[in-house]
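Colleague: This is what each chain is made of:
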Amino acid sequence: MSSESVLEIHSLLKVLGGRQILKGCTAAASKGQVIGLLGKNGAGKSTLIELILGFAIPDAGYCRVFGEEGARMSAACKARIGFVPQQDDLIPLMTGEQHLALTASFHQHWDHALVQRLARQWEVPLARRAGVLSGGERQKIATLLALGHRPEFLVMDEPASGLDPVARRQFMLTILEIAADADRTVLYSSHIVSDIERVASHLWIMREGEMAWQGELDQLKESVVRLHLHAEHDLPLQLALPGQLHCRIDGRNASVIVRDWHPARQGEFEALTGTSMEVEALGLEDIFLEVNA
Amino acid sequence: MFTLHPQSGVPIYRQLVEQVRRLIAGGQLPPGAELPSVRDLALQSAVNPMTISKAYALLEAEGLLERNRGKPMTVAARRRSADPLANRLRQIEPQIHHLVLSARQLELSRQDLELLMRKIWEKSNVE
Chain L
7 MSSESVLEIH SLLKVLGGRQ ILKGCTAAAS KGQVIGLLGK NGAGKSTLIE LILGFAIPDA
67 GYCRVFGEEG ARMSAACKAR IGFVPQQDDL IPLMTGEQHL ALTASFHQHW DHALVQRLAR
127 QWEVPLARRA GVLSGGERQK IATLLALGHR PEFLVMDEPA SGLDPVARRQ FMLTILEIAA
187 DADRTVLYSS HIVSDIERVA SHLWIMREGE MAWQGELDQL KESVVRLHLH AEHDLPLQLA
247 LPGQLHCRID GRNASVIVRD WHPARQGEFE ALTGTSMEVE ALGLEDIFLE VNA
Chain V
6 MFTLHPQSGV PIYRQLVEQV RRLIAGGQLP PGAELPSVRD LALQSAVNPM TISKAYALLE
66 AEGLLERNRG KPMTVAARRR SADPLANRLR QIEPQIHHLV LSARQLELSR QDLELLMRKI
126 WEKSNVE
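Chains as they are written, first to last, in this note's numbering: chain L, 7 to 299; chain V, 6 to 132.
Honestly, the hints are just simulated from the structure, not real lab data. For glycine and all other residues, C-beta sits at the position ideal for the given N, C-alpha and C. Any given hint could be a false lead.
Unchecked claim - Facing chain L, from chain V, some residues (calculated, C-beta under 10 Å):
id	residue
1	Tyr18
2	Val52
3	Thr56
4	Pro89
5	Leu90
6	Ala91
7	Leu94
8	Gln96
9	Ile97
10	Ile101
11	Val105
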């Protein structure tokens with residue numbers, strides 16, 4: 007797998023209305039990664055995406071896609087990117103088919119077969135005007151518009167939020183199919199943690215305009231765990247273990263969530279606290295709540 | 006063939022590694038058996054393909070699977086008895102750890118536990 011940089015973000019700063027929306031984000035993505043961008047509302051996800059795509063200009067730092075900076079991106083570079091916005095900008099009087107034909111005409115290469123296949127799979131009513139479609143149907147069309155030129159880098163801002171569970175699963179499978187082409191990269195913002203847990207290989211967690219965690223999803227899951235401590239005598243009222251995020255003590259038992267965990271530390275922790283312990287792996291939902299606690 | 010739970014705290018690649026290990030140890034996946042391709046398994050279980058390739062790579066490094074150019078991966082010829090005792094013990098240690106903790110929570114003595122284990126051990130030998 008090549009490690010050519012698809013996206014480089016460096017000390018990115020953005021101020022809107024006197025408030026720092028992004029406080030110096032640094033991150034990078036390479037080919038083949040499916041990155042889940044997680045964060046509470048207002049964490050800065052959408053602003054980050056706008057800066058990546060060049061819809062806004064950073065106040066400091068930079069953001070490069072395939073080596074080019076957002077606001078000055080060449081047409082050739084833009085052609086390698088696909089974007090599914092949170093709010094689609096379909097024209098109400100135009101049908102899905104007309105939208106597809108119009109978008110296809112802007113691109114040198116357009117994969118009609120792929121678009122037709124997905125439209126059938128997703129049961130998109132292409133012959134009807136966008137104005138009378140449901141939110142989910144519009145979202146599907148917006149996605150087709152972003153996929154037709156087979157972008158190498160696909161950016162999606164909460165793409166599945168308007169879809170029902172069945173459509174969401176189909177949608178996830180499509181993302182996975184794209185990801186199975188190891189040359190392509192997906193950046194996917196969502197607060198539906200279970201979707202991200204399924205499809206993402208990497209994770210960026212944003213919190214109050216900062217990158218609170220980034221890395222491989224597996225690595226995150228292995229490094230944040232809940233320890234169940236059992237002692238012979240009552241435990242002290244406070245514990246301060248290395249990497250401790252959260253601690254609940256109940257007499258001789260305690261449960262502690264720690265970060266930077268490694269199985270080799272178990273002996274050290276047991277000696278430190280004079281307890282025996284069990285290690286419980288945590289799902290992403292729990293981890294996300296802890297990181298934001 | 007495999008049951009993967011993305012929402013579990015255990016990373017998906019590790020779930021897969023452990024299931025393949027067990028299926029090989031139990032003989033359900035005999036030497037030479039073919040595994041599904043990374044792409045097929047990823048789409049079938051709706052999980053990221055990188056996760057699957059990571060699991061396969063680990064199993065290959067362990068010598069349990071063999072990569073064949075242009076063909077599916079297969080289960081390697083068995084060399085189970087050659088696996089050092091220490092390795093096999095290490096594999097079972099987490100379960101024993103869990104067992105001992107549960108026994109302590111139930112306030113069973115070591116003798117109680119050993120007695121029960123011996124019984125179950127002998128019964129399993131007959132089958």
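Colleague: None of the hints should be skipped; say for each whether it holds.
Modeller: Results for each hint:
The beta carbon of Tyr18/V comes within 6 Å of a beta carbon in chain L, closer than 10 Å, and the hint placing it at the interface holds. About 6 Å separates the beta-carbon of Val52/V from the nearest beta-carbon of chain L, less than 10 Å, and the hint is met. Hint status for Thr56/V relative to chain L: holds, with the closest Cβ pair at about 7 Å, below 10 Å. Residue-level restraint check for Pro89/V is violated (minimum Cβ-Cβ distance to chain L is 20 Å; threshold 10 Å).
For the restraint placing Leu90/V at the interface with chain L, the shortest Cβ-Cβ distance is roughly 21 Å, beyond the 10 Å limit, so the hint is violated. Interface hint at Ala91/V: violated, since its Cβ lies 17 Å from the closest Cβ of chain L, which is beyond the 10 Å cut-off. Restraint check, Leu94/V versus chain L: the minimum CB separation of about 16 Å is more than 10 Å; hint violated. Given hint, Gln96/V at the interface with chain L, is violated; its Cβ is 14 Å from that chain's nearest Cβ, farther than 10 Å.
Because the beta carbon of Ile97/V sits about 15 Å from the nearest beta carbon in chain L, more than 10 Å, this interface hint is broken. The closest approach between the C-beta of Ile101/V and any C-beta of chain L is roughly 13 Å, which is over the 10 Å cut-off, so the hint fails. The closest approach between the C-beta of Val105/V and any C-beta of chain L is roughly 9 Å, which is under the 10 Å cut-off, so the hint is satisfied.
Going down the numbered hints, you'll see the structure goes against 4, 5, 6, 7, 8, 9, 10, while the others check out.
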